[in-house]
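Chain by chain, the residues:
There are 2 protein chains.
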Amino acid sequence: MAGAPKANAVVGQSGGPTGVINASLVGVIEEAKKHPEIQTIYGAVHAVAGMVKDQFVDLGKLSAETLETVAASPSSALGTSRDKPDADYCRRILEVFKKRNIRYFFYIGGNDSANTAHILNTVADEGNFDIRAFHVPKTVDNDLLVTDHCPGYGTAARFVACALMGDDLDNRALPGVKIDVIMGRHAGFLTAAAVLGKTRDDDGPHLLYFPERPVSIGKFLSEVDAVYKKLNRCVIAVSEGMCDADGETWAKKIAQNAEKDPHGNIQLSGTGALADFLAAQVKNSLKIKRVRADTFGYLQRSFAGLQSAVDVDEARRCGCEAVKLAMVDDNGSVAMKRTGNGKNYGVELFRTELKNVAEKTKSMPAEFLNNDGNGVTQAFMEYAMPLAGQLPKTEYLASYPKV
Amino acid sequence: MAGAPKANAVVGQSGGPTGVINASLVGVIEEAKKHPEIQTIYGAVHAVAGMVKDQFVDLGKLSAETLETVAASPSSALGTSRDKPDADYCRRILEVFKKRNIRYFFYIGGNDSANTAHILNTVADEGNFDIRAFHVPKTVDNDLLVTDHCPGYGTAARFVACALMGDDLDNRALPGVKIDVIMGRHAGFLTAAAVLGKTRDDDGPHLLYFPERPVSIGKFLSEVDAVYKKLNRCVIAVSEGMCDADGETWAKKIAQNAEKDPHGNIQLSGTGALADFLAAQVKNSLKIKRVRADTFGYLQRSFAGLQSAVDVDEARRCGCEAVKLAMVDDNGSVAMKRTGNGKNYGVELFRTELKNVAEKTKSMPAEFLNNDGNGVTQAFMEYAMPLAGQLPKTEYLASYPKV
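First to last, the sequence lines map onto chains A and B.
Residues 1 to 403 (my numbering) are what the first sequence spells out, left to right.
Residues 1 to 403 (my numbering) are what the second sequence spells out, left to right.
Hints are not guaranteed to be accurate.
To be verified - DEER-style ranges, computed between Cβ atoms:
{"#": "1", "chain 1": "A", "residue 1": "GLY340", "chain 2": "B", "residue 2": "ARG92", "range": "53 to 61 Å"}
{"#": "2", "chain 1": "A", "residue 1": "LYS253", "chain 2": "B", "residue 2": "ALA64", "range": "51 to 59 Å"}
{"#": "3", "chain 1": "A", "residue 1": "ASP88", "chain 2": "B", "residue 2": "LYS402", "range": "19 to 27 Å"}
Derived from the structure by calculation, the hints contain no laboratory data.
Think of the CB as a built atom: it goes at the ideal place given N, C-alpha and C, for glycine as much as any other residue.
Start from the sequences, fold in the hints, and give me the full structure.
Structure follows, in structure tokens:
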């Protein structure tokens, strides 16, 4: 293939925001500035929606200080979109690219974004317009294939772990049943992170429910009952995509008039319905008086001032890597391979094919889930601990010996 | 009155946990250790419930390192209780006190706790048993009388401010209407803190609703509509105690089978009902497609690793001050007076009568609320900014000039 073209670049952020998607953006910008082949670095305002409407900001002129503030900011600084472009949509984008001599396309997002990069690249090839299309992984759900884990997960995992550490202490202080609904439509990685701050034998969460392990309401209630009888309290972390025994999500069963997003997904976040449903089940069936439920909602993906240091560093490196790859290759998705664990934790970045990531999702592997399907294994702890970073220490005195 | 007795002391934590109630506990412990009049320092397990059941831990032997970890931990490290003792209950507590020679009583909590200290002190006087009863203020609602503000508020305010900073950036990236329900049964101080991170002209939250300003659903909807038409998005912070025009809480109207706590309060936290109700109103009446609602719930009072430095320092000082006061006085409540603002921010501690704090609550003063009742004034900003501490900086690039 020909050498890297002298042309302009565009970068966009797609899908749900995360706590470090802006670090990946800054990684793309700082690496792009090092390569004379790349001239103007356009930021697409609201992702593909801005590309097709020719709405861009110039990212090459931001000060180093501004870039650092961007990298530390939650959410998607360029705005985002849930549009899922087809070939026609991509042809309209390419018209804009031709007009502006854009030949580098960097798209930070989930599996839909990898697919967009793939379609755009294919349509460009068909039109004999050479573009280099790269996907940078991003998701709090951690559900992309190939990569060991996704930028965005570690920071969301840190939020969830700190939330459950506090919530478990709250539940010790005022005992009862507490249900926390956590993001995760198809994958339970983020819900599993609820255990990362556990240090005492009886620390919660005591039960976890994942999309990967359908559970009947009867099994759920009997497990809650057993913990409550033993500890006089029970803290439960539930994925928003938790399923009934027949594999259907509880959320879908509850929400008769569920709103759907343009990808055909049912709205699971931004409503307290699942939490309130489960709380009512526990209260009514188990006759437990104090039952509370929280839905963590958007806080777990966009909270100012809370990032995992490892996650933000890796997100930035993934952004840089996409630009480096674009100097030598036509397209691809950036992925991470773990090179060590524990104190030797580290990752190497590598290129994978867009089609390996596009339109596919990963579930929690079986070795991360306990036999009952309501907890995690040591293998998960070793996988996730380095990603969330060191967690705060806590004390609880009421369990000290009585005098 | 006689000099401070040589006797044992008890400390308890009452009511809802906060992010710094443990710092007040540590303040009591570290100051008590300095005074030879105080012998054993008992921690009451689950507050008055532990006192009446003779359940105590010995707090005098904790290492300095453990005490620092306690001070940094959210929730109530001794456990808490919502019991509201009457004179009979207090007489039973005093039987335990006599047996253990406890003559110092330190109770960290809200206005109910000040009342408990008052009743206990009165009943002890009637029985000619000299105890010294002190209240240390605590509440995330910031609704105690006399004191300039309450320990616990600054940390919760910091959480809410960081949450809204992130959530506003999320709403910019994916525009729509976002409703956030925030703790505050009778006082809107914590909801008002949602604005503390605003720096850009069009930053959200754009509308705030407080218990102090009843609002009809019609007025609420027309205000949301106006913001949405102007900005194509709207972020709203709502107190859980938000009232209809007739002064009744929306929560009460919604929850026909509302659970009541032992104080006769309706359960407002731990349910997403108000948020979902308001979201449905906006969606159905204004025909806005993307409407989301989150209820922050217990995260805002018990989240590991997030404290306001000013708040944690003041909470600890208030704990110390109660012990100092007990060396020279019979009873009282610790209060704070602001000695300067902005860069000169500081507080002096002083004693006030228990009855000045007991069973009363403070609302937001009129000068903190704007004329429409849906926002705050500069006076509130100056009041609350020092309490939450310095907030993270953020950037949003999509609003930069297009090229």
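Hints versus structure:
no.: 1; hint: A:GLY340 x B:ARG92: 53 to 61 Å; result: holds (60 Å)
no.: 2; hint: A:LYS253 x B:ALA64: 51 to 59 Å; result: holds (53 Å)
no.: 3; hint: A:ASP88 x B:LYS402: 19 to 27 Å; result: holds (24 Å)
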